[in-house]
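Colleague: Chain by chain, the residues:
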Amino acid sequence: MSLTMLLQNIVNGFSLGSLYALIAIGYTMVYGILRLINFAHGEVFMLAPYFLFYSSMIFVLPWWLSAIIAIVLTALTGMLSERIAYKPLRDAPRISALISAIGVSFFLQNLAIVLFSGIPKSVHRPAFFSKLFQFGEIRIQSTLFASIGISIIVLSLLIYIVYKTKTGLAMRAISKDIETSRLMGVDVNKAISITFVIGSALAAVGGILWSLRFPQIFPTMGTIPGLKAFIAAVVGGIGSIPGAMLGGMLLGMSEILFVTFFPAISGYRDSFVFIILILILFLKPDGILGTKTQEKV
Amino acid sequence: MLKIEDLNVFYGGIHAIKGISFDVPKGKITTLIGANGAGKSTTLRAICSLVKTKTGKVLFEDKNITTLQTDDIVKLGVAMVPEGRRVFPNLTVQENLDLGAFTRDDKEGIAKDQDLFCELFPRLRERLWQKGGTLSGGEQQMLAVARGLMSRPKLLMLDEPSLGLAPLLVQEIIGVIQRISQEGITILLVEQNAFAALKISDYAYVLETGTLVLKGSGEELLNNKDVKKAYLGE
Ligand SMILES: Nc1ncnc2c1ncn2[C@@H]1O[C@H](COP(=O)(O)OP(=O)(O)OP(=O)(O)O)[C@@H](O)[C@H]1O
Ligand SMILES: [Mg+2]
Chain A
71 MSLTMLLQNI VNGFSLGSLY ALIAIGYTMV YGILRLINFA HGEVFMLAPY FLFYSSMIFV
131 LPWWLSAIIA IVLTALTGML SERIAYKPLR DAPRISALIS AIGVSFFLQN LAIVLFSGIP
191 KSVHRPAFFS KLFQFGEIRI QSTLFASIGI SIIVLSLLIY IVYKTKTGLA MRAISKDIET
251 SRLMGVDVNK AISITFVIGS ALAAVGGILW SLRFPQIFPT MGTIPGLKAF IAAVVGGIGS
311 IPGAMLGGML LGMSEILFVT FFPAISGYRD SFVFIILILI LFLKPDGILG TKTQEKV
Chain B
138 MLKIEDLNVF YGGIHAIKGI SFDVPKGKIT TLIGANGAGK STTLRAICSL VKTKTGKVLF
198 EDKNITTLQT DDIVKLGVAM VPEGRRVFPN LTVQENLDLG AFTRDDKEGI AKDQDLFCEL
258 FPRLRERLWQ KGGTLSGGEQ QMLAVARGLM SRPKLLMLDE PSLGLAPLLV QEIIGVIQRI
318 SQEGITILLV EQNAFAALKI SDYAYVLETG TLVLKGSGEE LLNNKDVKKA YLGE
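First to last, the sequence lines map onto chains A and B. Mapping of the first sequence onto this note's numbering: residues 71 to 367, in sequence order. Mapping of the second sequence onto this note's numbering: residues 138 to 371, in sequence order.
Bear in mind the hints are in silico, worked out from the structure with no lab data behind them. Accuracy of the hints is not assured; some may be wrong.
Listed below are the simulated EDC-like cross-link pairs for lysine to aspartate or glutamate, each with C-alpha atoms no more than 20 Å apart in a straight line [what the hints assert, rightly or not]: (1) A/Lys234 with B/Glu309; (2) B/Lys336 with B/Glu309; (3) A/Lys234 with B/Asp242.
Same shape as in the complex, but just chain B (with noise of 0.2 Å):
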């Protein structure tokens, strides 16, 4: 579905990506685990042409979107549920929401696509009204889940959304990544919480400063010791 071929991205004279190559394939889990700074949001932001890509190419199904501006990407079919949550503050739940299907005119379609988000995190439905800045933490990360799954994409992005939430909550949001997995949409995790994820994944890679380092399915990883020492704790 997705395929990164010797990815190489610069901030000024920062060499952040050293020529990554990885696959997504497509109706699986991959996840991409490394410490802070290793690249992975730089490696999701090229993806979506929110950073300029300096060599490498990124295809997806089998079409170069290495150059395109990040609208048509998205209108391809990539969503990306942005590090920090990013719900605009300023909008409404239901403009939020409106906002992750700007790239639809299918009223009918994003009215059921509501619906169904709605089912999956319940307390959405409850604030449609209030302004995305007075939702607590969870909720913003609930909110940009189900904003980046109102494009109805093919290819679905998160990165980190488990960052700063409760233990209960970050088994609700793996457990909804799950789900939307099994709906046949593609997903491309980065996690922090390495454990929760690499339990969920098909197929995950190690970054590490701009280069990959290991890579291989969930479960090899999770028994591998150098993961278990760097980013289980183990």
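Chain A on its own, in the form it takes in the complex (with noise of 0.2 Å):
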């Protein structure tokens, strides 16, 4: 292995870990308020390149406008899925919401199938993001360098959001103590679609930068990924928004790295991921970031 291909690799699995980052975000912000596993989360992801394919297709719209168009529609998908499948159940039993989740979940990818059609589409990429950059004997594609860029950005976003402006301080109230935070004049139902406008703006983000790395879109592609994002918000901490970055980061990393270094056995790389899940949960059984769990009163 030469110095290169490894350095190349690092840039890679950094992107690939910002991508996870992004979506684990709205696992973990979920979870935080609602102490609910968005398994319809990845369907959100998978949606926006869609979106983004039809507006820009179809529309004729520029690209970015398109992705701007994208990431709204997406946000706005997130939140009207809380509002109809789990606001209804929230004093129902934990387990009510979760099936609630999973039917949101096959609902959009079926939805998908029939609006879209299950033949995979060929996403066009932007001559911005085909660039290839070349240092010394490195070439490194721009897409690479865009989705830690963008995710950096985005992410900075949403941390001043949440830990410096009056919505992040209810959404942080909200997580610890839905009852007192009522009592304080929060508008709780306000605050939770913030929570679901901001997981899925994120996972559209993440969505399109995925689309432009494997340019190829189909209604299931965001099972793996999804699931891949979940164990990262499990590994960095569930509930944990800095967790969930980290967990993001360490797993595309890992991934990548296993790939560069067993080639041989690289088509276990998805199992490597919940090699990894275990071997954290063994040791730290609430996750690199996670504070102990404590059940609501």
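Using the hints, put the two chains back together into the complex; each one sits in its own frame.
Modeller: Below is the structure:
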């Protein structure tokens, strides 16, 4: 293994990790507030590149505008799914909402098959994302840098919202004690909607960047990335936003390095991710940055 | 200011509040006393819609607030210091206070009020950057009261603010409640510590298994022989 190749793969790992991180945030935020694993999150992720595909192909809008539209539509879908499928079950046993989430996942996936057909579509990659950068020996595609750059910007924005604004304060309060948050005058329904909007928008950014990296989209494309991002959230400590970022990075990096160092068994890369999960849960059941999960009273 | 009419609350099949009616007059201290499980907390929680009222009415400044959402009731000027303090352990003292002021937008007014309440509870000022969960029980209670005041409520409800505090602190909290009342804020107080509470109350009610059995001025109840026997341990 040459040093150049290693460097190339590290950039690659960062890039994949940042995508996992973007998706993992949605799992962790929703879990933090509702103690719900949103199984439909991978499908929300899948919708974004489709929305982008249709607005740029059919309505021939410029790419950046289509991307914004796709992010907005995806965020709305995420918010609506909460309103329709989870909100009515908020006082029901937690397992009901979980089952409802699985239902939403199936529904969105099948809706996508009906609307967009199951045949994979090729995504057009704007010139900006298909440049090749050459640093001496190392050649790196601009998509990789773009993924890292855009993720850093979006995640910084998220941290600002969560830790520096009133809305973020309300979200952190709700995640500890919904009832007392209400007593502070927080509109809990609104805060939960905002949480879904943010989580889904991040997944949309992740989905679009994903489709630039792997330019084929299909209705089940959200399943594996969704699952891995969920694992990333658990590894980082579900409920913790920095944990989801760290978990995503860790998972993306180890997956790429696994493939780099053991090319012969690279077909097992998905199983490798599960081994990481099992190991971490064995060593630190609450995840790397997780705190003891308190049952709510 | 606050008027409760024939309030009924159920938890599943349990009839917790059985048609109680009472008034909380403006600018006064009104106290509810009663044994464990009498329904004191449930009454306060029903007033701010944390539990559903089955039948009956809650009127605040002549407005029917029975079916409003909690956050809208808070916006009208009702604040509650809940039983067991319920300080946010993961947030700093400053952030807890900011949450208290969640319904307000006047930055300067908020800063001024915070200064004011930090004078009331000097220990909070030194701990603004400490996590709520690391405060002592007494400090948490002070924070909970200060947080309740940060919304500049017209009516402040306190659910057992002296619970678990050393006698000296109980006196301090009771003193603070009296000062708050002198500022013109109406108080609805729930207390186990009947003696201390009745001494500062203008009006008081005794709640027994979901029913109001006695009412009078604080002093009348202090001297009532049933109250003496049941709640003052004499
Ligand atoms: N969430 C709940 N589910 C079912 N029953 C409840 C619930 N909360 C309270 N109760 C019941 O309602 C009754 C009144 O409870 P409440 O908490 O209002 O009493 P309290 O007067 O505040 O008592 P304490 O002095 O111990 O705080 C009790 O019998 C209690 O068991
Ligand atoms: Mg109580």
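Colleague: Evaluate each hint against the coordinates.
Modeller: Structure-based check of each hint:
1. A/Lys234 with B/Glu309: 34 Å, violated
2. B/Lys336 with B/Glu309: Holds, at about 14 Å.
3. A/Lys234 with B/Asp242: 16 Å, holds
The structure fails to meet hint 1 from the earlier list, while all remaining hints are met.
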